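Colleague: So in my numbering, the last one in the sequence shown is 262, and the numbering has no gaps at all.
Just so you know, these hints were derived from the structure itself, not from any lab.
Keep in mind that this is a model prediction, so the values were computed, not measured.
Hints are all accurate, no fakes.
Computed list of lysine-lysine pairs in DSSO-like fashion (alpha-carbon distance at most 27 Å, straight line):
| # | residue 1 | residue 2 |
| --- | --- | --- |
| 1 | 116 | 128 |
| 2 | 139 | 116 |
| 3 | 153 | 239 |
| 4 | 153 | 116 |
| 5 | 139 | 46 |
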Amino acid sequence: MIFHGMTVRQKALDLLDSGANGADVARRLNVPRGTVSYWLHMERSKRNTCPGTRTPSCHRCDGVGLAGADYVYLLGLYLGDGHISQPAQHRVSSMMITLDDCWPGIQDEAEAAIHKVFPDNATCRVRKPGCHNIKVYSKHLLCLFPQHGPRRKHEREIALEAWQQELVDANPWPFVRGLVHSDGCRIINWTTRMVGGVRKRYEYPRYWFTNVSDDIRQLYTDTLDKLGIEWTHCTRAGKGYNISVARRASVALMDAHVGPKY
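Based on the provided sequences and hints, a complete structural model is requested.
Modeller: Right, dumping it as structure tokens:
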């Protein structure tokens with residue numbers, strides 16, 4: 001075993017501080033690459049500057065600012081297609097937003113919103129058949145999404161906390177957009193009617209929102225009411241899980257702020 005003196009070690013650290021990479025330092029000083037990495041790690045530990053040691057800040061815990069519009073958009077996605085979990089082998093919780101591959105633009109928008117809400121955390125995409133899970137790990141997920149709990153969402157109460165409701169009231173359209181992007185759609189509906197003795201077909205756009213949770217549908221319709229959007233509750237196949245927006249003026253507003261999936 002070869003022992004390297006403190007002079008060589010300090011020279012290596014000085015070179016690393018000047019911007020040289022570990023492989024170059026190892027070649028220049030004729031020191032194993034692993035030894036250089038070990039020296040760097042020990043120096044960072046002494047200074048408490050090891051990668052990953054910095055604790056990301058939190059709106060709830062630390063009072064830092066929160067990107068309101070991005071947060072409520074992400075909240076809408078989470079209430080529709082999101083899930084928070086913490087497997088036993090993981091140190092922190094993870095959130096997954098499952099989005100269909102038919103709408104790659106929404107996947108991009110979801111990941112961008114996560115970056116804004118969790119600027120200190122990396123995201124990843126996990127491929128599944130026909131979809132991707134947009135995923136982020138953070139110990140502050142339960143701080144920002146207190147709606148998480150045991151059982152499925154429609155089997156437990158879903159209510160916004162006061163600070164969340166304030167953000168939704170200040171940014172209602174991103175919230176509606178997130179809900180529609182997860183559990184809604186814009187379709188072209190049609191009907192027929194007799195005109196001058198002739199049956200004619202008429203087409204018109206309509207927004208659908210479908211969610212099994214009574215509470216989540218209520219959050220959606222309460223926000224629509226505040227925006228002046230007319231909606232109706234529809235039962236299809238014997239199940240009353242659907243909210244329809246079909247009035248021309250209301251559809252025009254939805255088109256201006258939500259639009260079709262993409």
